[in-house]
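Chain by chain, the residues:
There are 2 protein chains.
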Amino acid sequence: MNVLLASTSTLFGGNYLEYLKPEISSLFAGISEIIFIPFARPGGISHEEYTAKAADFFKILNIEVKGLHEFDDQISALNNAKGFFTGGGNTFLLVKMLHEKGLMQVLKQNIESGKPYLGTSAGSNIAGLNMKTTNDMPIVYPPSFECMGLVNFNLNPHYLDPNPELKHNGETRETRIKEFLTQNDTKVVGLREGNWIRKIGEKTTVEGGEKTRIFEKGKEPYEIEPGTAL
Amino acid sequence: MNVLLASTSTLFGGNYLEYLKPEISSLFAGISEIIFIPFARPGGISHEEYTAKAADFFKILNIEVKGLHEFDDQISALNNAKGFFTGGGNTFLLVKMLHEKGLMQVLKQNIESGKPYLGTSAGSNIAGLNMKTTNDMPIVYPPSFECMGLVNFNLNPHYLDPNPELKHNGETRETRIKEFLTQNDTKVVGLREGNWIRKIGEKTTVEGGEKTRIFEKGKEPYEIEPGTAL
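So the protein sequences, as listed, match chains C and S. For the record, in the first sequence the residue sitting at position 159 is 159 according to the working numbering, with numbers rising by one throughout. In short: position in the second sequence from 1, add 230, done, that's the working numbering.
In case anyone wonders, no lab produced these hints; they're calculated from the structure. Honestly, I wouldn't trust all of these hints.
Residues from chain S shown here face chain C by an in silico Cβ test under 10 Å; the list is partial [what the hints assert, rightly or not]: (1) K289; (2) N320; (3) K362; (4) T405; (5) K433.
Just so we're clear, the structure is a prediction, and the values are computed from it rather than from any experiment. The C-beta atom is built at its ideal place from N, Cα and C for all residues, glycine as well.
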């Protein structure tokens, strides 16, 4: 497999995908066209606008971007594609669309056959075993929470450390993930912004400038350094 | 109806339910025993521990608390009860339990018949039309997101204003609720901590010390004062 799963598309103060440019360039080396999956629609942006945003970045790399929504036969579109990028937004909306259109398994098979895959945020969540550790609001009801399982754990993108100064009783991210572990025995990778997961062949590592926080049932959460195998 | 839906059980630096004591006392006036629904299990606390925590508070009001989990026939337990309290925690877990045990409609009918109901956080969410505006993590898959619809809108408990100093690209609460409105035409009440909704008979008002933020499809979000009818 050849997979890059980023916590976020955009660093604070930066431009869209800018910080990932060398990694993305290497991921899609030799490929001149990819399919963009715009279904997560951040802030309700249209499929067309979202695809144009992605295309605008990939122009710098001389890679053409086609939005999956443009195809009448989306299963064939995935099967004929050379590579994929799924953008962030709402994971419930993304997973609902992929399941209802019968695309989740097709996308998985194509990636497992070796086609490169880039995910950011919600697009990274769907590479996990299921979407039960998303931060998103359940604005629609998907027929299932199961995802592609390209890696044998779940992701929590945009992982955020507790803010001790916040006078607010909503749960911290850590509390939420610990609640998940009372109901599930699945490893969760808390991916801070600026970090990403890279899977090449059978080897999966965590990359980027920050440590990564790992949550497992029955263990205290722990931190791993960039470059560590997962 | 006689319903109190609080954003949070506990104010920052305060004790459990302390700030709501006069309101709770008036809600359950003349009642000596209520049923506590502990299924949301905040932080994975057991049903027994959670019920003990609720009972500890209600002792001050001379109200006895029985946990719903203690009954073999939970439908009869709801039908025979004098009043109800559903505590906060994980809304997905709470809604899954209520649907799977066939209790959601039974609880609704009992409350609609006039029995007093107190909800905090997740327990307030289930009084809305559906749980699609919860902040919680989807740690389990409920058979449906539909809730009791005791009020004709959705709630967002622990409503939190955007923090302009946060250098993080996760969505704000407002962004999330606006995404909800791209997919749904349901009013959302953003209930800040310290505020609650009170429904007596057919009249529903928002109460507490803070303004309340209202989100409707096709409108800019707006603020209403304590005491305003919803």
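Exercise. Failing hints, ascending?
Worked result: 1 and 5
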